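*Asks:* Spelled out from the first residue to the last, the chains are:
Protein chains: 2
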Amino acid sequence: MKTKDRIIQASLELFNAHGERNVTTNHIASHLNISPGNLYYHFRNKEEIIRNIFEKYVQHMEVSFEPVKPSEDAVEFLSNYLDAVFSALFHFSFLYDNLPVIMARDPELKSQYLEIHNKMMDKINALVLGLQNAEVINIDHDDVDDFSNIIKQQVTFWISYCKTSQEDTSITDELIYNGLLKVLLLFKPYVTSEFTDVVKDLTARYKSLANVES
Amino acid sequence: MKTKDRIIQASLELFNAHGERNVTTNHIASHLNISPGNLYYHFRNKEEIIRNIFEKYVQHMEVSFEPVKPSEDAVEFLSNYLDAVFSALFHFSFLYDNLPVIMARDPELKSQYLEIHNKMMDKINALVLGLQNAEVINIDHDDVDDFSNIIKQQVTFWISYCKTSQEDTSITDELIYNGLLKVLLLFKPYVTSEFTDVVKDLTARYKSLANVES
Numbered sequence: 087m088k089t090k091d092r093i094i095q096a097s098l099e100l101f102n103a104h105g106e107r108n109v110t111t112n113h114i115a116s117h118l119n120i121s122p123g124n125l126y127y128h129f130r131n132k133e134e135i136i137r138n139i140f141e142k143y144v145q146h147m148e149v150s151f152e153p154v155k156p157s158e159d160a161v162e163f164l165s166n167y168l169d170a171v172f173s174a175l176f177h178f179s180f181l182y183d184n185l186p187v188i189m190a191r192d193p194e195l196k197s198q199y200l201e202i203h204n205k206m207m208d209k210i211n212a213l214v215l216g217l218q219n220a221e222v223i224n225i226d227h228d229d230v231d232d233f234s235n236i237i238k239q240q241v242t243f244w245i246s247y248c249k250t251s252q253e254d255t256s257i258t259d260e261l262i263y264n265g266l267l268k269v270l271l272l273f274k275p276y277v278t279s280e281f282t283d284v285v286k287d288l289t290a291r292y293k294s295l296a297n298v299e300s
Numbered sequence: 087m088k089t090k091d092r093i094i095q096a097s098l099e100l101f102n103a104h105g106e107r108n109v110t111t112n113h114i115a116s117h118l119n120i121s122p123g124n125l126y127y128h129f130r131n132k133e134e135i136i137r138n139i140f141e142k143y144v145q146h147m148e149v150s151f152e153p154v155k156p157s158e159d160a161v162e163f164l165s166n167y168l169d170a171v172f173s174a175l176f177h178f179s180f181l182y183d184n185l186p187v188i189m190a191r192d193p194e195l196k197s198q199y200l201e202i203h204n205k206m207m208d209k210i211n212a213l214v215l216g217l218q219n220a221e222v223i224n225i226d227h228d229d230v231d232d233f234s235n236i237i238k239q240q241v242t243f244w245i246s247y248c249k250t251s252q253e254d255t256s257i258t259d260e261l262i263y264n265g266l267l268k269v270l271l272l273f274k275p276y277v278t279s280e281f282t283d284v285v286k287d288l289t290a291r292y293k294s295l296a297n298v299e300s
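Read top to bottom, the protein sequences are chains F and G. Per this note's numbering, residue 87 is the first one in the first sequence, and the count goes up by one each step. Per this note's numbering, residue 87 is the first one in the second sequence, and the count goes up by one each step.
Treat the hints loosely; a few may be bogus.
Since the list gives no way to pick one copy over another, a pair counts as held whenever it fits inside one copy or between any two copies.
Below, in silico cross-link-like pairs of lysine to any residue (SDA-like), each with a Cα-Cα straight-line distance of 25 Å or less [to be verified]:
#, residue 1, residue 2
1, K274, S197
2, K238, E158
3, K132, N211
4, K132, M189
5, K238, T289
6, K132, Q198
7, K209, T255
8, K238, L168
9, K293, N166
10, K196, N264
11, K196, Q252
12, K132, S121
13, K132, E253
14, K209, N264
15, K268, N204
16, K209, V269
17, K238, S251
18, K90, L215
Note that these hints are calculated values from the structure, not bench results. Quick caveat: nothing in here was measured; it's all calculated off a predicted structure.
Could you build all of it, start to finish, from the sequences and the hints given here?
*Replies:* Take a look at the structure:
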């Protein structure tokens, strides 16, 4: 692997493990056994490393959140969506832990984030409308936008919420699956009687992944 | 007003207006037309000012979120809860904008926040159970804890969500009332047929405060 890529990879791992605000370029260089000068040859500062990681994040989001094809199984789509959310939160947890600060610090990154945010809103809207059309859920058409925003907020700030509501929080599989269960609970009251059992099975699957008694 | 109190008051205003991370002790001193030395006579650093503001926050939370008395009107309690949420978000918006960072920086403040957080969780739980007992809503008993956590997360990160989902965000009445409408939407699918109209009226009231067409 090229040094530049090794720096990006190591930075992502260190940011996720210790929080972006606790990791300096010196930590990153020392972790890789390279000199700070060598790191600065590749990146002017930490912001530039974050921008490179953010490119990977954007690619990850594009690939893992595929558009909803209305012909296919709607519940399968819900499950695929939740798996994609899991993967994004798990691989880029440091972003979700510190989003407002990282965005406030770098207006260009914020613009890029807003672009991704809007694409994600469209995909969540398509998911909700897909479930509605397949009669999996029954929600007032006027509420769809607000409901999609609630889901987006719930996902985006799940890690921040966990970190501010208990003494010590490490980002584990279980923690993220517990967040997905909250998203499933948001859908639950809208589920039609025909699909109650299907969504119950889906919930049981994520509960076992989250190590929660169902 | 004593200089110490003037510093606390001005800091709160500046933090809310510009974001805590953009305001230095020099800004605060210059805003009050006092010397930095005079400010440092009262507070060692910005952290100490924030701790003093946090004391006010704790008092505010204690006073405005009164415990639910089961004998009284359940919908009135929901409305009182929402008004109290409005007031907390409005008066201490800078905290909600930067909570994970402020907590990570000051472990003692984090412990105090966790205490308040747990009290608030108890109050939200009591609110949900109060609405359940008054048959305003019908929710599975097993879901009450998760539902209360969803409400808490929705409220706590509403301002962070707004700030990261649009280019420029100023904290206005309308913005906060739009957040309260999201909380009402969380309750909506659980509302019993008997109370549908009551909750619809409550929603209409907040929509008019948020300047949203209903």
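*Asks:* State for each hint whether it applies.
*Replies:* For each hint, the structure was consulted:
Taking CA atoms no more than 25 Å apart as the test, K274 paired with S197 passes in neither setting, with 34 Å inside one copy and 34 Å between copies. Only within a single protomer do K238 and E158 lie at most 25 Å apart by alpha-carbon distance; the minimum there is 23 Å, versus 35 Å between protomers. When the C-alpha separation of K132 and N211 is checked against a cutoff of 25 Å, the pair qualifies neither within a copy, at 35 Å, nor between copies, at 42 Å. Within a single copy, K132 and M189 get their C-alpha atoms as close as 14 Å, and across copies as close as 22 Å, so both meet the 25 Å cut-off.
For the homomeric pair K238 and T289, the shortest alpha-carbon distances inside one copy (19 Å) and between copies (22 Å) are both at most 25 Å. Taking the shortest alpha-carbon separations for K132 and Q198, only the intra-copy value of 17 Å comes in at or below 25 Å, while the best inter-copy value is 32 Å. Taking CA atoms no more than 25 Å apart as the test, K209 paired with T255 passes between copies only; the shortest distance there is 24 Å, against 30 Å inside one copy. In this assembly of identical chains, K238 and L168 lie within 25 Å of each other by CA distance both inside one copy and across copies; the values are 12 Å within and 21 Å between.
Taking CA atoms no more than 25 Å apart as the test, K293 paired with N166 passes inside one copy only; the shortest distance there is 16 Å, against 34 Å between copies. In this assembly of identical chains, K196 and N264 lie within 25 Å of each other by CA distance solely across copies; the values are 23 Å between and 28 Å within a copy. In this homomeric assembly, K196 and Q252 come within 25 Å of each other (Cα to Cα) only across copies, at 9 Å, whereas the closest approach inside a single copy is 29 Å. For the homomeric pair K132 and S121, the shortest alpha-carbon distance inside one copy (15 Å) is at most 25 Å, but the shortest distance between copies (35 Å) is not.
In this homomeric assembly, K132 and E253 come within 25 Å of each other (Cα to Cα) only across copies, at 23 Å, whereas the closest approach inside a single copy is 28 Å. Taking identical chains as interchangeable, the C-alpha atoms of K209 and N264 lie at most 25 Å apart whether they share a chain (22 Å) or sit on different chains (22 Å). With identical chains, the CA atoms of K268 and N204 are at most 25 Å apart both within one copy (22 Å) and between copies (19 Å). Taking the closest pair of Cα atoms, K209 and V269 come within 25 Å of each other both inside a single copy (15 Å) and across two copies (22 Å).
Taking the closest pair of Cα atoms, K238 and S251 come within 25 Å of each other both inside a single copy (19 Å) and across two copies (10 Å). Proximity of K90 to L215 under the C-alpha cut-off of 25 Å is found in neither arrangement, the shortest distances being 42 Å within a copy and 55 Å between copies.
Violated hints, in rising order: 1, 3, 18; the structure is consistent with all others.
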